[in-house]
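So the protein sequences, as listed, match chains A and B.
To convert, count from 1 in the first sequence and add 91; that's the numbering used here.
To convert, count from 1 in the second sequence and add 20; that's the numbering used here.
Here are the computed lysine-lysine pairs in the DSSO-like style, where the Cα-Cα straight-line distance is at most 30 angstroms:
hint, chain 1, residue 1, chain 2, residue 2
1, B, Lys-117, A, Lys-146
2, A, Lys-132, B, Lys-129
3, B, Lys-117, A, Lys-111
4, A, Lys-132, B, Lys-90
5, A, Lys-111, B, Lys-56
6, B, Lys-76, A, Lys-132
7, B, Lys-117, A, Lys-132
Calculated from the structure, these hints are not laboratory results.
Just so it is clear, the structure is predicted and the values come from calculations on it, not from any experiment.
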Amino acid sequence: GAVVSQHPSWVICKSGTSVKIECRSLDFQATTMFWYRQFPKQSLMLMATSNEGSKATYEQGVEKDKFLINHASLTLSTLTVTSAHPEDSSFYICSAGGGQTNNNEQFFGPGTRLTVL
Amino acid sequence: GEDVEQSLFLSVREGDSSVINCTYTDSSSTYLYWYKQEPGAGLQLLTYIFSNMDMKQDQRLTVLLNKKDKHLSLRIADTQTGDSAIYFCAERTGGFKTIFGAGTRLFVKA
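Only chain B is shown next, with the shape it has when bound in the complex:
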């Protein structure tokens, strides 16, 4: 079935890079997304990558996609305390259905 997995916690020091990893199972995924959720708030789309790409860079964010291994990662350069949040990986399967991972809680230490 469709499944998205990611690690639950990541702790980094301010100024370091953060790398959040995700694996998915549906090889027919069209888009893969990274969302950010701050406490008590809805989801904010950070970035996305189309399944025929292997890398996308957007300012401090770099997304790497290994389609063969069904592995997606999000790298945040120069991590700031304001980056502390939960980051959800999600895949868009055939049609319009989006499957979310459990979320990775990022802690940024000053």
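Next up, chain A with everything else stripped away, as it sits in the complex:
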């Protein structure tokens, strides 16, 4: 299957700072990328859907000014957590789909664990 990478795999930051997480589709062009958040022992919560070249669509309850998403190319989407607080600590997972993928499949990245002190 197609490969999706995330960078960094983990990050620790101080409260009030901003953190950028990158999601890359390595061997296919992803017209759509998704950002999920997963709390311990819970399911994935879709935060937003981004299509290349257009503004992201945020799910209800997700602050778009806090979670900035940029999908500037067909292989890269970034999620920036602005003015991070301890309650933003979570596992953030991206997925990519569209383009050359089959069966409307999404391919998931390995996730980024964010810890805000």
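For chain A, the structure is supplied; the task is to place chain B on it using the hints.
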């Protein structure tokens, strides 16, 4: 609204079969998926079934779909300790949105 439900835990002995069940609410689902997540890792797609199928077999995995009851199951034959993980059921609704269940934690006892 859209909802996917599954039981939270399942414990089996090594060598036995595991059956993980899932129910969903959106009758317009196109694809239904099973994902596996190991501790601290992302999701790995195990298998999927198109909504007009009722069964799919892939090596040790068998997926059964009862569209009338909106019930999906995953059977793992000859369960191994390496199968211990969280298994997520997910449905693809109209468009490109995927809704996940809460995950079933599978424990395999040696």
